[in-house]
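**Student:** Listed below are the residues making up each chain.
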Amino acid sequence: MGVALRDIIVEYKVPVTWEALPGVAAVDAHNALYQFLSIIRQPDGTPLMDSNGRVTSHLSGILFRNASFLERGIRPVYVFDGPPPDFKQKTIEERRRVRVQAGVRWEEALAKGDTKEAYKQARSSSKVDREIIETSKKLLSLMGIPCIEAPSEGEAQATHMVMQGDASYVVSQDYDTLLFGVPMLVRNLTISGKRKIHGRSVTLNPEKVTLPGVLKGLGITREQLIQIAVLIGNDFNPGLKGIGPKTGLKLVKEGSFEKTLREREPDFDPAPVIDFFLQPPITSEYDLAWHPPDTVKIEEMLCGEYNFSVERVQKALEGIVGKAGQKTLDKWF
Amino acid sequence: MLKATIDADILKESIDAISALVTECRLHTDENGISTRAVDTANVAMISLLLKKEAFSSFAATRSELGIDIAKMKNIFGMMAKNDMITLELTDDIHKLQVSFQGYKYSITLLDENTIRKDPNPPTIELPGKVAIPGAELNSAIKAAAVVSDKIALGIDAAKQIFFMAAEGDTDHIRREFGKDEVSFINGVEAKSLFSLDYMKDMGKVMSRAEEVEIHLGIDHPAKFSFNIAGGNGHVEYLLAPRIEAD
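Listed in order, the protein sequences are those of chains S and E.
End of the first sequence = 332 in numbering that gives the first Met the number 0, gap-free, step of one.
End of the second sequence = 246 in numbering that gives the first Met the number 0, gap-free, step of one.
By construction, these hints were calculated from the structure, which means they are not laboratory data.
Keeping only pairs whose Cα atoms sit at most 20 Å apart, straight-line, the calculated DMTMM-like set for lysine to aspartate or glutamate is:
1) 117/E x 286/S
2) 200/E x 176/E
3) 330/S x 236/E
4) 119/S x 93/S
5) 314/S x 197/E
6) 71/E x 165/S
7) 117/E x 329/S
8) 11/E x 23/E
9) 215/S x 253/S
So the derived label-pair ranges between C-beta atoms look like this:
10) 309/S x 86/E: 51 to 59 Å
11) 188/E x 286/S: 43 to 51 Å
12) 243/E x 286/S: 29 to 37 Å
13) 299/S x 158/E: 38 to 46 Å
14) 203/S x 158/E: 54 to 62 Å
Glycine included, C-beta positions come from ideal geometry on N, C-alpha and C.
Just need the whole structure built from these sequences, with the hints factored in.
**Tutor:** See the structure below:
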């Protein structure tokens with residue numbers, strides 16, 4: 000998923016402290032929800048579920064992550080994907096295939112009692128479906144957090160909001176956002192803290208990547224970064240076999256982008272993909288307003304409908320509303 | 000339309016009173032003066048402020064609504080000296096407030112009032128216990144409580160006719176009792192509620208300047224703190240929701 004630029008970008012990632020992050024954060028909603036779904040699982044890969052078997056991992060992620068954002072002075076706005084461009088169809092089909100396959104392997108692993116493999120496969124089988132999106136939006140709005148519908152890709156819209164000065168940075172794990180021209184990308188915000196990677200528990204801290212830093216460091220332009228993404232593959236085209244980020248960087252820097260494509264994929268026209276990164280569909284019509292959380296309704300939804308523990312929900316809400324036992328004036332109006 | 004001249008100290012006092020709770024507010028003007036009512040982002044505390052036209056050296060206004068960035072105002076007026084005279088002028092361009100003092104002329108862009116939370120309705124709460132206490136005494140007790148805890152109890156012991164402020168920390172506690180010789184009991188009925196010192200500290204600083212603060216209390220109910228500003232030509236009311244300890 001996304002684009003495998005990591006190898007050439009890793010040097011330009013800078014650790015960032017929570018204290019440096021207050022402000023408006025434009026969150027790539029699809030990416031965040033995917034993180035919640037894939038990470039918030041039991042050791043054998045079973046996601047959190049209510050008594051009716053409905054998945055609740057994303058609701059847990061939304062509640063606790065945002066509570067901690069708000070408590071730290073970060074005001075999140077969630078940007079949801081609109082309809083994908085036509086040329087993303089292949090990627091979407093491929094993802095579906097991988098997901099379905101992972102689902103089958105997960106069950107096989109469970110049957111064999113291989114918990115480690117089960118967890119791995121379960122994560123890959125995560126799907127951000129309509130139900131997940133709708134329930135997420137409902138909870139976000141009860142928490143007083145704005146949700147925005149992108150005309151197309153969420154990352155592109157989130158980037159536009161940063162360019163407009165309405166947000167300070169984009170929160171996503173995917174480097175694609177850089178291709179859309181985001182000045183500052185912050186990673187590990189939706190997953191930071193302790194996380195199991197390859198069975199080991201590691202602590203992930205927030206890190207930022209700035210586009211000017213990356214471009215200057217690599218000695219290329221944004222257009223060239225997009226060319227690398229086209230060569231190695233991204234959400235919109237599969238890329239060339241055997242070309243990774245380092246080779247891609249070398250080819251683009253020596254000016255062989257077009258030549259390479261002509262030789263290897265004569266029928267592929269990269270222009271629509273490149274144009275899409277440079278001028279994606281975006282909108283300037285959005286409303287950013289944060290409201291105090293509706294604590295009563297949040298409890299009704301999470302504890303009443305989805306079997307969350309009242310105590311845990313109240314504790315998370317305290318962080319946003321105030322100290323323990325603090326009442327709001329609503330009750331007396 | 001608004002055209003007014005006011006003493007820097009009075010304007011500062013008013014802005015400080017508002018900024019204790021909110022960073023932006025809707026200011027209403029009419030021929031009698033200016034007023035605002037705002038609730039903090041967490042919906043825990045409300046301020047109502049009224050500045051009568053008598054608080055100004057000159058005042059002329061029609062009915063209008065201004066979106067004020069209180070945090071910005073506080074910074075701008077931070078450099079004013081006592082007794083400076085300030086003129087405020089709102090012409091037809093309702094998005095710019097012209098402010099001048101000491102030869103400086105500011106043109107301050109106002110906030111779009113539609114982006115500011117709607118004015119809350121004036122709440123109707125029965126708060127039977129009423130005492131009046133000097134603002135400085137109130138603030139001292141708040142500061143003392145803040146040393147040991149993050150919350151403070153305010154109450155009236157009806158039998159003993161005592162108004163008390165008490166704070167319990169993990170290891171220490173503090174209690175200050177006021178008898179009839181120190182506070183006036185307007186209505187000394189039994190009352191006790193607990194409040195967050197985060198709020199009380201900010202409000203206390205503002206109230207310390209008031210000669211007398213009227214406190215209205217109930218049992219596990221909000222508290223109302225009511226006091227005059229601008230030498231009696233203005234009035235502030237704070238309403239603060241209680242903290243209620245789990246059993």
